[in-house]
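Engineer: Just need the whole structure built from these sequences, with the hints factored in.
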Amino acid sequence: MTTSSTSTSFITTAIPFVNARPHVGFAYELVLADVLARHRRRRGRDVRFCTGTDDNSLKNVTAAAREGLATRALVERNGAAFRALGELLDVAADDFV
1 MTTSSTSTSF ITTAIPFVNA RPHVGFAYEL VLADVLARHR RRRGRDVRFC
51 TGTDDNSLKN VTAAAREGLA TRALVERNGA AFRALGELLD VAADDFV
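Counting in the working numbering, the sequence shown runs from 1 upward without gaps.
Treat the hints with caution; some may be incorrect.
[What the hints assert, rightly or not] Beta-carbon label-pair distances, calculated as ranges:
{"no.": "1", "residue 1": "Leu-36", "residue 2": "Gly-68", "range": "36 to 42 angstroms"}
{"no.": "2", "residue 1": "Leu-36", "residue 2": "Leu-88", "range": "17 to 23 angstroms"}
{"no.": "3", "residue 1": "Arg-38", "residue 2": "Ala-73", "range": "19 to 25 angstroms"}
{"no.": "4", "residue 1": "Ala-65", "residue 2": "Thr-6", "range": "45 to 51 angstroms"}
{"no.": "5", "residue 1": "Tyr-28", "residue 2": "Val-61", "range": "25 to 31 angstroms"}
{"no.": "6", "residue 1": "Leu-69", "residue 2": "Thr-8", "range": "38 to 44 angstroms"}
{"no.": "7", "residue 1": "Ala-27", "residue 2": "Asp-95", "range": "38 to 44 angstroms"}
{"no.": "8", "residue 1": "Ser-7", "residue 2": "Arg-77", "range": "34 to 40 angstroms"}
{"no.": "9", "residue 1": "Ser-9", "residue 2": "Ala-70", "range": "34 to 40 angstroms"}
{"no.": "10", "residue 1": "Glu-76", "residue 2": "His-39", "range": "30 to 36 angstroms"}
Calculated from the structure, these hints are not laboratory results.
Where a beta carbon is used, it is the ideal one built from N, C-alpha and C, also for glycine.
Structural biologist: This is the structure:
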């Protein structure tokens, strides 16, 4: 496969459920994806790096019920923890979906 120097690299991570707070495995994935994106940018490549969370899953509904919370409250709380993890690790994602 050949690629031109003007092609865009799209880098993504898995989008984890937010039924629990982030763990070291997701932190590792974020850092690896960020390193790859930064490396390609330093080499002059156009890069789009996207990460995020899966806010719509039965796991989230079940976890919220177990904690006695509304699903939206659990999703917002744990989703904020995933965003904060990216900030703490200085991950430079273009989009958080």
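Engineer: Each hint needs a verdict: does it hold in this structure or not?
Structural biologist: Quick rundown of the hints versus the structure:
1. Leu-36 <-> Gly-68: 36 to 42 angstroms: With a Cβ separation near 40 angstroms, Leu-36 and Gly-68 satisfy 36 to 42 angstroms, so the hint holds.
2. Leu-36 <-> Leu-88: 17 to 23 angstroms: 19 angstroms, holds
3. Arg-38 <-> Ala-73: 19 to 25 angstroms: 35 angstroms, violated
4. Ala-65 <-> Thr-6: 45 to 51 angstroms: 50 angstroms, holds
5. Tyr-28 <-> Val-61: 25 to 31 angstroms: Given a distance of about 27 angstroms, which is inside 25 to 31 angstroms, the answer is holds.
6. Leu-69 <-> Thr-8: 38 to 44 angstroms: Between Leu-69 and Thr-8, where Cβ atoms are some 40 angstroms apart, the hint holds.
7. Ala-27 <-> Asp-95: 38 to 44 angstroms: 19 angstroms, violated
8. Ser-7 <-> Arg-77: 34 to 40 angstroms: 39 angstroms, holds
9. Ser-9 <-> Ala-70: 34 to 40 angstroms: 39 angstroms, holds
10. Glu-76 <-> His-39: 30 to 36 angstroms: 33 angstroms, holds
When each numbered hint is compared with the structure, violations occur for hints 3, 7.
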